[in-house]
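Chemist: Sequence:
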Amino acid sequence: MTLDEALQKLADLRSAERAVAWEISDTVAGAVPDPTPRGSLGVFAEVLGCSSRWVSDLVRVARTYIPADRLPDVPFGLYIVASRSQNPLEWIQEALARGWSTADLQRAIRG
Numbered sequence: 010m011t012l013d014e015a016l017q018k019l020a021d022l023r024s025a026e027r028a029v030a031w032e033i034s035d036t037v038a039g040a041v042p043d044p045t046p047r048g049s050l051g052v053f054a055e056v057l058g059c060s061s062r063w064v065s066d067l068v069r070v071a072r073t074y075i076p077a078d079r080l081p082d083v084p085f086g087l088y089i090v091a092s093r094s095q096n097p098l099e100w101i102q103e104a105l106a107r108g109w110s111t112a113d114l115q116r117a118i119r120g
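If you read the sequence shown in this note's numbering, its first letter stands for residue 10, the second for the next number, and so on.
In case anyone wonders, no lab produced these hints; they're calculated from the structure. Yeah, the Cβ is synthetic: ideal placement off N, Cα and C, and Gly gets one too. Hints may be right or wrong, so weigh each one.
[What the hints assert, rightly or not] Here are the in silico distance ranges between beta carbons for each label pair:
#	residue 1	residue 2	range
1	GLU55	GLU99	30 to 38 Å
2	VAL56	GLY120	30 to 38 Å
3	LEU16	LEU105	16 to 24 Å
4	ARG72	GLN102	18 to 26 Å
5	GLY48	ALA106	25 to 33 Å
6	LEU22	CYS59	14 to 22 Å
7	GLU103	VAL52	32 to 40 Å
8	VAL52	THR11	40 to 48 Å
9	LEU12	VAL83	21 to 29 Å
10	THR11	PRO42	48 to 56 Å
11	ALA15	VAL52	19 to 27 Å
12	ALA106	LEU22	24 to 32 Å
13	ASP13	LEU105	20 to 28 Å
14	ALA112	VAL52	42 to 50 Å
Using the sequences provided together with the hints, build the complete structure.
Modeler: Below is the structure:
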């Protein structure tokens, strides 16, 4: 495999990873009533091998961003951090304009 082929494969895998994150979020959010009953996320966390907090983040992200607001090249972590704010779409745009990482975005939101 050439360097260019390896880089393209990695870019494709990253894109697929982001698409899977959205699919997981939408699947869990579709299976959990709104508002989410306390303690109901544990079974999803067990299946996904993550914390209930992460599952809660997934549900919130799926419910915050309609498909038209989901940009395929934007790291999923930015959506998670921005979803905890009052104006998630504005924060996503700000992060993209400034080239912020998730940590940068988190600091900016906290002030």
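Chemist: Would you mind marking each hint as holding or not holding in the structure?
Modeler: Okay, the hints, checked on the actual structure:
no. : hint                       : result
1   : GLU55 - GLU99: 30 to 38 Å  : 35 Å, holds
2   : VAL56 - GLY120: 30 to 38 Å : 37 Å, holds
3   : LEU16 - LEU105: 16 to 24 Å : 22 Å, holds
4   : ARG72 - GLN102: 18 to 26 Å : 19 Å, holds
5   : GLY48 - ALA106: 25 to 33 Å : 39 Å, violated
6   : LEU22 - CYS59: 14 to 22 Å  : 20 Å, holds
7   : GLU103 - VAL52: 32 to 40 Å : 36 Å, holds
8   : VAL52 - THR11: 40 to 48 Å  : 44 Å, holds
9   : LEU12 - VAL83: 21 to 29 Å  : 26 Å, holds
10  : THR11 - PRO42: 48 to 56 Å  : 50 Å, holds
11  : ALA15 - VAL52: 19 to 27 Å  : 38 Å, violated
12  : ALA106 - LEU22: 24 to 32 Å : 27 Å, holds
13  : ASP13 - LEU105: 20 to 28 Å : 26 Å, holds
14  : ALA112 - VAL52: 42 to 50 Å : 31 Å, violated
Of the numbered hints given earlier, the model fails hints 5, 11 and 14; all others are met.
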